[in-house]
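Visitor: Take the sequences, apply the hints, and build the full model.
Residue numbers (the numbering used here), protein chains in the order written: chain A, 4 to 452; chain B, 3 to 229; chain C, 47 to 451.
FYI, nobody ran anything at the bench for these hints, they're computed from the structure.
Please note that the accuracy of each hint is not assured.
[Claimed, not checked] Label-pair restraints from in silico Cβ distances:
#, chain 1, residue 1, chain 2, residue 2, range
1, B, Asn10, C, Lys370, 57 to 63 Å
2, A, Glu321, C, Ile64, 34 to 40 Å
3, C, Asp296, A, Thr193, 24 to 30 Å
4, A, Asp276, C, Asn307, 48 to 54 Å
5, C, Gln429, B, Gln85, 26 to 32 Å
6, C, Arg318, A, Pro409, 16 to 22 Å
7, A, Glu321, C, Asp313, 21 to 27 Å
8, C, Thr168, A, Pro409, 31 to 37 Å
9, A, Gly62, C, Ala418, 34 to 40 Å
10, B, Arg121, C, Thr89, 52 to 58 Å
11, A, Gly143, C, Arg411, 23 to 29 Å
12, A, Gly143, C, Asn307, 28 to 34 Å
13, C, Asp296, A, Asp290, 37 to 43 Å
14, C, Gln157, A, Glu81, 43 to 49 Å
[Unchecked claim] Here are the simulated DSS-like pairs of lysine-lysine, each with C-alpha atoms no more than 25 Å apart in a straight line:
#, chain 1, residue 1, chain 2, residue 2
15, B, Lys86, C, Lys90
16, B, Lys5, B, Lys86
17, C, Lys370, C, Lys358
18, A, Lys60, A, Lys282
19, C, Lys230, C, Lys90
20, B, Lys86, C, Lys358
[Claimed, not checked] A short list of chain A residues far from chain C (calculated; beta carbon distances all over 12 Å):
#, residue
21, Pro125
22, Gln168
23, Phe238
24, Ala286
25, Ile307
26, Asn315
27, Gly364
28, Gln369
29, Ala420
Cβ atoms here follow ideal geometry from the backbone N, Cα and C, with glycine treated the same way.
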Amino acid sequence: MFSHYMFAYYLKLGIKHIAETPVLSLLIVTAIALGIAVSMTMLSLYHAMAHNPAGDKSGQLFAVQLAAYGNDLETWGEHDGLPLQLTHRDAMNLRDSEVPLRQSPMFRLGMTVESRVAGTPPSADFDVRVADRDFFAMFGLDFLHGEPWRAETDSDPARVAVISQRVNARVFGGDGLANNVGRTLLMNETEFRVVGIVRDWHPLPRFYDLNTSAYPTTPDAIFIPYSLTPLLDSFPRGNIQGWNPEEHLNNFAHMLQAEVVWQQYWVELPEADSVTAYKNYLAAYVDQQRQLGRFQNQQPRGHIRDTQQWLNYNNVIERDNRVMVGLSFMFLLVCLVNTVGLLLARFLRRMHEAGVRRALGASKAQIFQQYITEVVVLGALGGLAGLVLSLGGLWSIRQLYEQYAPIAYLDTSMVAAAVAISLLSSLLAGVYPAYRACAAQPSLFLKAQ
Amino acid sequence: MLKMQAVNKVFVTDLIETHALRDFSLQVEEGEFIAVTGPSGSGKTTFLNIAGLLEPFSSGSYLLDGEDVSLMSDNARSRLRNQKIGFIFQSFNLIPDLDLFDNVDVPLRYRGFAAGERRRRIVRALERVGLAARAAHLPAQLSGGQQQRVAIARALAGEPRFLLADEPTGNLDSLMARQVMELLEEINRDGTTVIMVTHDPELALRSQRNIQIIDGQVNDFSSNAAA
Amino acid sequence: MAIAPIVRSLLRSPAGAILITLQIALTLAIVSNSMFIIQDRITKMSRPSGMPEEQILAARILYFGKNIDYAAQADRDLQFLLRQPGVINATQTNSVPLGGSGSSSSLCRAQPSNDPDNCPYTVGVYMGGRHLLDTLGLKLVAGRNFLPEEVTVSDFTGARAARLIILSQAVADSYFADQNAIGKTVYLGGRAHTVIGIVERMQSPWVAGSEEQAAMTALLPAISHGFWTHLVIRAEADSIATLQRDLERDLLQLNDRRVVNRIETIDDMRQRVYANDRAVLIILLSVIVLLVLITALGTGGLVSFSVARRQKQIGTRRALGARKIDILGHFLLENGLISGAGAALGCALAIALNQYLMNTYELPRIGVEYIAAAALLLLLIGQSASYFPALRASGVSPAVATRTV
Numbered sequence: 004m005f006s007h008y009m010f011a012y013y014l015k016l017g018i019k020h021i022a023e024t025p026v027l028s029l030l031i032v033t034a035i036a037l038g039i040a041v042s043m044t045m046l047s048l049y050h051a052m053a054h055n056p057a058g059d060k061s062g063q064l065f066a067v068q069l070a071a072y073g074n075d076l077e078t079w080g081e082h083d084g085l086p087l088q089l090t091h092r093d094a095m096n097l098r099d100s101e102v103p104l105r106q107s108p109m110f111r112l113g114m115t116v117e118s119r120v121a122g123t124p125p126s127a128d129f130d131v132r133v134a135d136r137d138f139f140a141m142f143g144l145d146f147l148h149g150e151p152w153r154a155e156t157d158s159d160p161a162r163v164a165v166i167s168q169r170v171n172a173r174v175f176g177g178d179g180l181a182n183n184v185g186r187t188l189l190m191n192e193t194e195f196r197v198v199g200i201v202r203d204w205h206p207l208p209r210f211y212d213l214n215t216s217a218y219p220t221t222p223d224a225i226f227i228p229y230s231l232t233p234l235l236d237s238f239p240r241g242n243i244q245g246w247n248p249e250e251h252l253n254n255f256a257h258m259l260q261a262e263v264v265w266q267q268y269w270v271e272l273p274e275a276d277s278v279t280a281y282k283n284y285l286a287a288y289v290d291q292q293r294q295l296g297r298f299q300n301q302q303p304r305g306h307i308r309d310t311q312q313w314l315n316y317n318n319v320i321e322r323d324n325r326v327m328v329g330l331s332f333m334f335l336l337v338c339l340v341n342t343v344g345l346l347l348a349r350f351l352r353r354m355h356e357a358g359v360r361r362a363l364g365a366s367k368a369q370i371f372q373q374y375i376t377e378v379v380v381l382g383a384l385g386g387l388a389g390l391v392l393s394l395g396g397l398w399s400i401r402q403l404y405e406q407y408a409p410i411a412y413l414d415t416s417m418v419a420a421a422v423a424i425s426l427l428s429s430l431l432a433g434v435y436p437a438y439r440a441c442a443a444q445p446s447l448f449l450k451a452q
Numbered sequence: 003m004l005k006m007q008a009v010n011k012v013f014v015t016d017l018i019e020t021h022a023l024r025d026f027s028l029q030v031e032e033g034e035f036i037a038v039t040g041p042s043g044s045g046k047t048t049f050l051n052i053a054g055l056l057e058p059f060s061s062g063s064y065l066l067d068g069e070d071v072s073l074m075s076d077n078a079r080s081r082l083r084n085q086k087i088g089f090i091f092q093s094f095n096l097i098p099d100l101d102l103f104d105n106v107d108v109p110l111r112y113r114g115f116a117a118g119e120r121r122r123r124i125v126r127a128l129e130r131v132g133l134a135a136r137a138a139h140l141p142a143q144l145s146g147g148q149q150q151r152v153a154i155a156r157a158l159a160g161e162p163r164f165l166l167a168d169e170p171t172g173n174l175d176s177l178m179a180r181q182v183m184e185l186l187e188e189i190n191r192d193g194t195t196v197i198m199v200t201h202d203p204e205l206a207l208r209s210q211r212n213i214q215i216i217d218g219q220v221n222d223f224s225s226n227a228a229a
Numbered sequence: 047m048a049i050a051p052i053v054r055s056l057l058r059s060p061a062g063a064i065l066i067t068l069q070i071a072l073t074l075a076i077v078s079n080s081m082f083i084i085q086d087r088i089t090k091m092s093r094p095s096g097m098p099e100e101q102i103l104a105a106r107i108l109y110f111g112k113n114i115d116y117a118a119q120a121d122r123d124l125q126f127l128l129r130q131p132g133v134i135n136a137t138q139t140n141s142v143p144l145g146g147s148g149s150s151s152s153l154c155r156a157q158p159s160n161d162p163d164n165c166p167y168t169v170g171v172y173m174g175g176r177h178l179l180d181t182l183g184l185k186l187v188a189g190r191n192f193l194p195e196e197v198t199v200s201d202f203t204g205a206r207a208a209r210l211i212i213l214s215q216a217v218a219d220s221y222f223a224d225q226n227a228i229g230k231t232v233y234l235g236g237r238a239h240t241v242i243g244i245v246e247r248m249q250s251p252w253v254a255g256s257e258e259q260a261a262m263t264a265l266l267p268a269i270s271h272g273f274w275t276h277l278v279i280r281a282e283a284d285s286i287a288t289l290q291r292d293l294e295r296d297l298l299q300l301n302d303r304r305v306v307n308r309i310e311t312i313d314d315m316r317q318r319v320y321a322n323d324r325a326v327l328i329i330l331l332s333v334i335v336l337l338v339l340i341t342a343l344g345t346g347g348l349v350s351f352s353v354a355r356r357q358k359q360i361g362t363r364r365a366l367g368a369r370k371i372d373i374l375g376h377f378l379l380e381n382g383l384i385s386g387a388g389a390a391l392g393c394a395l396a397i398a399l400n401q402y403l404m405n406t407y408e409l410p411r412i413g414v415e416y417i418a419a420a421a422l423l424l425l426l427i428g429q430s431a432s433y434f435p436a437l438r439a440s441g442v443s444p445a446v447a448t449r450t451v
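Guide: Structure follows, in structure tokens:
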């Protein structure tokens, strides 16, 4: 019935009608285009914010949480009674576990980097990540030169650093691709030996540390060994929280011992067995700490969440963005209702033509197909224009939100979604008008007027 | 009464000037029943449009009830149409999404009558054409003859002095055409002046006065008053 | 005007009218809720800071040199700044209202316990010396400022030695209701502090959260010298630009083993900390404009179509005595009735949408005035969009009535 040949004929008719009624056609295409553009802009942003940068490893990387608080508190931390971060003491203890394939405690630090290039002032704009050697393999950083520090460094501190391309360029000049492994980096007037240079790495959301912002504008650019922590004498960038109001931090050394949480902890558990084993390990650890007088609360426990669960748990997508995606789809709905009205007008105006075609032997289904084909052509034009407009929409988003500037782009899945949504919605909008047009009795329109 | 003196109507397009009416002069007295005939394209409809104040004319004078129409504003002409002229069209021109009651109501609304007065007039007009029982029907539910009778009711409801009919039976079969014709004659007997454009010589013969328009000019056969 | 026949005729072939009604209703729901969110953000962005904003300049200092006497350097910096033209006062602090970073702590009525009523609020805590009140230009409404000898100076988090506290009016009101808060005791970080003063308004460093939360702040007489600090300068408004331009250079001349950044006026801070709110505002405004445009084009298109389809009817009405203005009025009235129905439905939809947003995203309840304003806007849009097609309709010649086909 809906043969190839007929389709070509309907297509020709549709295009002819569109060209004959440029104003009405333009109105319909504009309505679809604006609906697609607005909803696609907001959906693309949402899609980018919901991105899971861990990719294939998402199910193997786990964030560790401990209900490490006392005073018989009923609950502390998040709604489920678990704080987002760990104390230094617990992080140090967890490092002893043999269960994970890889693991690393970590925190973020602000340090000032001096440049070797004459005339370039010191910069405090680079974030320093303090972590264990496994960090690089766990999260898949890409080494341009050198390699992570040696495994012994994790227990026997050495002033070494892995730096990103950007830091490499700032400190040693050039484009950041030069091999400066072995050279000295001056941070806070302390010398660090560069052991590796990695490609710039800016996963958004910064899933492994969602403190203060999930979409930070400054990526981690310098990495130094966690074993250096006691020697740093420098406060972390990020949240420091304590459950015990009696606890007052006197100095950095005190913070390392205090019951305040400020570090993140990630483990890599490649199979189900190791996940179970690690859960058992955490349970045993909590028990042991209770024996020692810590974790005196009403729900002492450890918990792990894989990357996706961790992102959901942290509500990385903000309320504003959820509301705006919802509103943008209501906007699309308005555009569709508008399109239905315009299509109805368009087809009813041509009732006479439909009547003649019916009289000449066209079936209702054929008239319907003819009109639906025309709608699909309009929908495709609208979708295409909408896609182009949403590029503009995303450009505006990048101007408005500094933190989303690196991610607010259309990707292939969003282009596919735009095409699908525009075709689907135009079909939806076209069904009723096409039905009305083909349902009318042909005689009525041949006789009158 | 209705007096046209040397009326000219010229249609100007990019290429040509068409003289639809040329030095057209005609006087119609109160209570006459006039049939206007002529070949198609002769200017019959143009004459009717001008007589019914639907179209302006290029030159000449036209007095309706002693008033000079050419000097009137569009609003004043609308008012005059509404009060003094009733129209009957070949294709009935009922408004399809209004029922018969509301169709007859249309000119009365523009007249500004109160609701009670309108209702009284509508019912009387529909009774007169024998369709009062179907007041709630839509035009599409009626036959052509019935539709034309509704159109006549609509024209009568405002109690006009002049009834202008443009091929009122043109779209009807002979039986229905006769009924409509009889209705018009009855209305004329009650005192309303009727001017009817027709191409049907038989109908034209039934009128008191028959004028023929050829090439935009009048050819008056005032004599066949016998019928 | 003839409302009844228009309504009856619309009800007979309602598809087009229903679509416009639906479109107006949806648009009204979106526009009113968007206007409400916009107003909510504007209110948030215009919360008073309590400071004479055009007189304030702040900067962050990060030391990276190893052997720096932070206290002595701070003294040198402040001495230098106080000598600059236009400068009224200058001091150091741990954070600045609207600055986006700082310290907060739960404030308790008595020694901390598990009783939730004991510590109802977490307050933003500013630490500084006796010049902080004057430098920030805060208005003391009761009690007194700190005395020089009451200010504790330490090399780390100096707050632990403080025993006195100045509260914002909002804190005093919610902890002591109609009693006089001066001389009373509150517990901050587990230790008793005596209230010695109340400032009228002192906004929190953070702008997220409710208006109530934004006003919950306290001031401690503590200066901590560490590797980072904030400098605040109060100067004549016309000197601020010069100070801002030269501050980094001047301070680095005094000591270059540090980074001076975030040299911001309060206006700069507002730009930074309210960037997300401003973005929401701009996006929603654009949505409103586009929606109104779509609705206007759609309505205009459908009225044009309806006029084109009813040429004969219009001619007939004219022949039957309708004036041009009657025809214009007919189409405007018809559109007004449809828009009116849409607006009525839209009011219900707007409330339903707001209810959903309240339940799901904890947005506040929408005011009737937003719905009324949006309804009025849409009725106006509907009328203006139908005006031109209706005007064209009124120009249809009555002679159309006698034309066959």
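Visitor: Each of the hints needs a verdict: does it hold here or not?
Guide: Outcome of the hint check:
Between B/Asn10 and C/Lys370 the beta carbons are some 25 Å apart, a value that contradicts the proposed interval 57 to 63 Å. Our hint of 34 to 40 Å for A/Glu321 and C/Ile64 holds, since their Cβ atoms are close to 37 Å apart. At about 27 Å, the CB distance of C/Asp296 to A/Thr193 agrees with the hint of 24 to 30 Å. In this structure, A/Asp276 and C/Asn307 meet the distance hint of 48 to 54 Å, their C-beta atoms being roughly 49 Å apart.
In this structure, C/Gln429 and B/Gln85 meet the distance hint of 26 to 32 Å, their C-beta atoms being roughly 31 Å apart. Between C/Arg318 and A/Pro409, the C-beta spacing of about 18 Å keeps the proposed range 16 to 22 Å intact. The hinted range of 21 to 27 Å is satisfied by A/Glu321 and C/Asp313, whose Cβ atoms lie roughly 25 Å apart. Judged by the Cβ atoms, the range 31 to 37 Å given for C/Thr168 and A/Pro409 holds: they are separated by roughly 33 Å.
Separated by about 52 Å at the C-beta atoms, A/Gly62 and C/Ala418 break the suggested range of 34 to 40 Å. At about 56 Å, the beta-carbon gap between B/Arg121 and C/Thr89 stays in the expected band of 52 to 58 Å. Distance hint check for A/Gly143 and C/Arg411: the Cβ-Cβ separation is about 48 Å, which falls outside the suggested range of 23 to 29 Å. In this structure the hint that A/Gly143 and C/Asn307 lie 28 to 34 Å apart at CB holds, the actual value being about 32 Å.
The supplied range of 37 to 43 Å is broken by C/Asp296 and A/Asp290, whose beta-carbon atoms lie about 59 Å from each other. The hinted window of 43 to 49 Å between C/Gln157 and A/Glu81 is violated, with their beta carbons roughly 26 Å apart. At roughly 67 Å between alpha-carbon atoms, B/Lys86 and C/Lys90 are farther apart than 25 Å, so this suggested pair is violated. With a C-alpha separation of about 15 Å, the suggested pair B/Lys5 and B/Lys86 falls inside the 25 Å cut-off, and the hint holds.
At roughly 15 Å between alpha-carbon atoms, C/Lys370 and C/Lys358 fall within 25 Å of each other, so this suggested pair holds. At roughly 19 Å between alpha-carbon atoms, A/Lys60 and A/Lys282 fall within 25 Å of each other, so this suggested pair holds. Straight-line distance between C-alpha atoms of C/Lys230 and C/Lys90 comes to about 32 Å, which puts the hinted pair past the 25 Å bound. Proposed proximity of B/Lys86 and C/Lys358 is supported: the alpha carbons are some 22 Å apart, at most 25 Å.
With a minimum CB-CB distance of about 6 Å to chain C, A/Pro125 fails to clear the 12 Å threshold, and the non-interface call is violated. The non-interface label for A/Gln168 is consistent with chain C: the shortest C-beta to C-beta separation is roughly 22 Å, beyond 12 Å. A beta-carbon of chain C is positioned within 12 Å of the beta-carbon of A/Phe238; the least distance is around 8 Å. The beta carbon of A/Ala286 sits about 26 Å from the closest Cβ of chain C, which is more than 12 Å, so the claim that it is off the interface holds.
Against chain C, the non-interface label of A/Ile307 holds: every CB pair exceeds 12 Å, the least being about 29 Å. Here A/Asn315 stays apart from chain C, with its beta-carbon at least about 16 Å from theirs, past the 12 Å limit. The claim that A/Gly364 is not at the interface with chain C holds, since no C-beta of that chain comes within 12 Å of its own (minimum 25 Å). For A/Gln369, the shortest C-beta to C-beta distance to chain C comes to about 23 Å, beyond the 12 Å cut-off, and the non-interface label holds.
Against chain C, the non-interface label of A/Ala420 holds: every CB pair exceeds 12 Å, the least being about 20 Å.
The structure fails hints 1, 9, 11, 13, 14, 15, 19, 21 and 23 (numbered hints given earlier, in ascending order).
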